[in-house]
Amino acid sequence: MTRKTLLFLGLGLLALSLSAAGAFPATAAQDVVKIGLSAPLTGDWAEYGNDFKRSVTMVIDRVNRLGGIHGKSVELVISDSRGDPKESVLIAEKLVADPDVIAEIGDFSSSSCMAAAPIYEKADMTQLSPTSSHMDFTKKGRNMFRVVATQGYEGPYNARWAVKDLGKKKIATIYINNDWGVDANKYFTQEARKLGAEIVAEESFVPGEKDFTAILTKLKGLKPDLIYLPTFYADAAAILNQAKRMRFQPVVMANSSLFSQKTIELGGDAVEGIIIPANYFSADPRPAAQEFTREYQAHYGAVPNQFAALAYDAANLMVAALHKAGVEDRSKVKDALESLRGFQGATGSISYANGHDPEKELVRITIKNGEWVLYQP
Amino acid sequence: MSNALRQILANLPYLAIIAIMAFLPLVISNQYYIQVLIFIGIYIILTLSLNLLNGYVGLLSIGHAAFYGIGAYASAKLAMEAGLPFPLAMLGAGAVAGVFGYLIAKPTLRLSGIYMTLATLGFNMIFFLILQNWMSFTNGPLGIMDIPAPSIFGYAIESRTQYYYLIFFLVLLTIVSMHRLMTCRFGRALVSIRENELAAEAMGVHTTRYKIQAFVLAAFYAGLAGSYYAHFVKFVSPDSFYIYESFILLAMLAFGGQGNLIGPVVGATVLVVIPEVFRFMQEYRMLVYGGILVIMMLVRRQGLLGGRNYSLRLPWFDDQQKAVYTRGDKFLPEEEVD
Amino acid sequence: MDFQILFEQFINGITQGSVYALLALGFTMIFGTLRMVTFAHGEVYMIGAYVGFEVIRLLHPSFFLALAVAMAATALLGVIIEILAFHFLRDAPHATSLLVTIGISILLVNLAQLIWGPETKALPYSLLDRMDYGEIEVGGIYISYLQMAVLGVTVLLMALLYILINKTKLGMVIRATAQDYEAAYAMGVGVNGIFMIAFAIGSMLGGVAGVLIGVYYNLFYPTMGGLYGLKAFSASVVGGLTSLPGAVVAGLIIGIVETFSVEFGASNFRHLFSFLFMILILLFRPGGLFGGRELIQARGD
Chain A
1 MTRKTLLFLG LGLLALSLSA AGAFPATAAQ DVVKIGLSAP LTGDWAEYGN
51 DFKRSVTMVI DRVNRLGGIH GKSVELVISD SRGDPKESVL IAEKLVADPD
101 VIAEIGDFSS SSCMAAAPIY EKADMTQLSP TSSHMDFTKK GRNMFRVVAT
151 QGYEGPYNAR WAVKDLGKKK IATIYINNDW GVDANKYFTQ EARKLGAEIV
201 AEESFVPGEK DFTAILTKLK GLKPDLIYLP TFYADAAAIL NQAKRMRFQP
251 VVMANSSLFS QKTIELGGDA VEGIIIPANY FSADPRPAAQ EFTREYQAHY
301 GAVPNQFAAL AYDAANLMVA ALHKAGVEDR SKVKDALESL RGFQGATGSI
351 SYANGHDPEK ELVRITIKNG EWVLYQP
Chain B
1 MSNALRQILA NLPYLAIIAI MAFLPLVISN QYYIQVLIFI GIYIILTLSL
51 NLLNGYVGLL SIGHAAFYGI GAYASAKLAM EAGLPFPLAM LGAGAVAGVF
101 GYLIAKPTLR LSGIYMTLAT LGFNMIFFLI LQNWMSFTNG PLGIMDIPAP
151 SIFGYAIESR TQYYYLIFFL VLLTIVSMHR LMTCRFGRAL VSIRENELAA
201 EAMGVHTTRY KIQAFVLAAF YAGLAGSYYA HFVKFVSPDS FYIYESFILL
251 AMLAFGGQGN LIGPVVGATV LVVIPEVFRF MQEYRMLVYG GILVIMMLVR
301 RQGLLGGRNY SLRLPWFDDQ QKAVYTRGDK FLPEEEVD
Chain C
1 MDFQILFEQF INGITQGSVY ALLALGFTMI FGTLRMVTFA HGEVYMIGAY
51 VGFEVIRLLH PSFFLALAVA MAATALLGVI IEILAFHFLR DAPHATSLLV
101 TIGISILLVN LAQLIWGPET KALPYSLLDR MDYGEIEVGG IYISYLQMAV
151 LGVTVLLMAL LYILINKTKL GMVIRATAQD YEAAYAMGVG VNGIFMIAFA
201 IGSMLGGVAG VLIGVYYNLF YPTMGGLYGL KAFSASVVGG LTSLPGAVVA
251 GLIIGIVETF SVEFGASNFR HLFSFLFMIL ILLFRPGGLF GGRELIQARG
301 D
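Protein chains in written order, with the working numbering: chain A, 1 to 377; chain B, 1 to 338; chain C, 1 to 301.
For reference, chain A alone in the conformation it holds in the complex (with noise of 0.2 angstroms):
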């Protein structure tokens, strides 16, 4: 080819793809509400944003069934934010420059709601993150709110489990450095050592990290009552198999997101015993817990974890806010969340009264003869 035709064709190039940006128009459809969201569908935390799409969408489906909302039905827009705070800024920046987008559901971690949080704020368009328990994030504004239980809640209530209800004095920690499990190891041990006991290491892992014998094997000499667990399930397996390999084998809590039959599956023998707090529990008698499950399961044949849970109550709670508010003013469906009352979902009563943390109850399970249980102390 000649370096002309190159020249031309590169420009050509350039020009194309600038003009296909713009040739997908903002057309406003009038019978369509569009809620956004945002969740990591590719790369290190994939399957937890999976979790969310296939929750909340199943949510959608079923309020379409049923007629819509305000006789609009609604459409998801499913950006995946990659798990990198980045494109959870353009997918923000998305959203809000698209006049039919309410709101929006996401995102999964901490750091992707937080890089976003300011452009929603700006639009005034409410952000419900289902996971993110970073203190921070609910500060950056008045839109954002999330369903899940804070670190700054959960941490110290396990503390308070470990140190005063079991009495350990003598505890370690693994937990997994990003940004979720160093918030999370760091409002447990503080509350720990409040109360008086003794945090004798705390190691962490970076995420990917398979080869946990180093640290087991540290711990093992510093003999602890209690290990601590904020990591993910398939951490939190590895750990415990290769733990169990050494013959070592104390007392195990762990987080809340542990709550997963994955936990099980990967775990096997290893993790019989440990014990959890849980936002959600498959076999919580609750009936909104039960309706949850039973509904996922017929959906999808499989048994839901906590992210799936959350994700489902933060549909929900969008849809009931938009009921409550209409589907033609972004700036009104934050004040229909805060005006919710008795809202009853998978993962607790839920209620943006006094704060947009809610304040869960957490129910404690432990895992017996590869099932998960309510623990019996």
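It should be emphasised that the hints constitute simulated quantities derived from the structure, not laboratory data.
The structure displayed is predicted, hence computed values, not measured ones.
For every residue, glycine included, the Cβ atom is placed at its ideal position computed from N, Cα and C.
You can take every hint at face value.
Here are a few chain A residues that face chain C, going by a calculated C-beta distance under 10 angstroms: (1) D211; (2) A238; (3) R247; (4) A270.
Result set (DSBU-like, lysine-lysine): computed pairs, CA atoms no more than 35 angstroms apart in a straight line: (5) A:K332 x B:K234; (6) A:K139 x B:K234; (7) A:K140 x A:K332; (8) A:K186 x B:K234; (9) A:K170 x C:K121; (10) A:K368 x C:K121; (11) B:K234 x A:K140; (12) A:K53 x C:K121; (13) B:K234 x A:K53; (14) C:K121 x A:K186; (15) C:K121 x A:K244; (16) B:K234 x A:K34.
Given the coordinates of chain A, work out where chains B and C should sit on it, guided by the hints.
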């Protein structure tokens, strides 16, 4: 015709493009599109900076995201902890990145080929791991939040449009400064090193010194881009500067072409736009980047517009030949005469 | 100091190190014979692990069957990579091939995500129990046969490869091709075939690593080749890019240093060491611990 008029007419295509880009935000009201254009701008600067190394000098650096990250974190810290105003923070960030560029280049440039490349990889990984674990300085995986928006001599930059003009200005500055560098002795020395290092050395070109300078400059520009990024997204975290980011830059350069100033621009633009346009093909996005690397290298390894001197000057009005010698390219098996 | 704890950490370090060593072996084999760096080796390892996973899960919980199938699959994958990244680019500078292997590595990770899904998978414990061959006890520490197998296989493979490369006719042909493939071609060697064979052998090593390490940790996920692949890279460089014993020794050293760094308080920074060593070696002794003073250049540089 007067000389000035001839100059303007000769450069008409460039001026036209600049004019279009300058007036663009006035016609596009969709803030999302402006946002995409801003990211295109950031990646243009990054890809141009990588081009200095891979395209002009002929090194292969696969850890370039490290300098991007150094610029971002440095700018955030300078603005937030040292209280520097934005222009100083940005220059400072570029300088810090440049210093690191020097520190890396000096000892490793005497390594050749693959060993140098591996060193850049190692550096990127070390940088990432330090970012993730040095909690007290970098806040670890939590990242640095609430980075202040830029404010230049009291003029605050807040809206997307204002950010756009800032990056537009920076991109122009980058291209113009690089063009000047490449047409003067510095650029010609770099090209001579790329074409045949032994011959260049024999002709008295101090190859190591020029390579180090190129490295420092490349790091400096990347640092500037990083600083802009930090004050734009107002949040930095280690994940944005992992080697995958370096790979994305490599893909942009590989696609658009290296060795001149237009290829990187095209590569960055197309590869930023494609994931935006194809957002509905969510799972396939990274497949596209990987596929591009494989296909481009097999089909046209110098990139779409690589290996040649492209000039948008209109020859009819152009008396003077400003020759930038970029004929031939290390990636071409033999030279094609055009 | 509690000697039992230290001894246990030492065993941990050797185990961890032999994982790196096994991965580094395949990589060194490829560079040593082809003089080409491949970024996709971590992903070849990952594919080998998944293949082994499926074989054990779906066909029969037997190590040897899994190894055989994984080796075949990764050998095939290796040939494909060789064709894409090196065959057509024989005359190109090394950088081009490197970029292709980077692209292939990205493709493989995403393909694995599409095929197997992004979540972590594990073999059901009922199956694993049928494959578990027990453990021995040394000084109060329990070492499983699988653990020892990882190290044992690594050393065995290193020895086998050494014999192959240095004592057999095939090895001689490979060495000749590596030294100067045009001359070998002139002498009647089918160089394309030789490159493919060498690459296939190196990739098979990755497959073996995948099955062994995958079953040992019992965690399978698409990005498993990432960090481990990079560290194996470093181990290879530290040992000397063309030295098989070097790769093994370097891998073991890195494993031990990392483990003891955790014991003595720096668990946050454990991953730094492998890359730090790599940079230091590149600065002060680029040939690696076992390499000669003169650097073996990659082809095309």
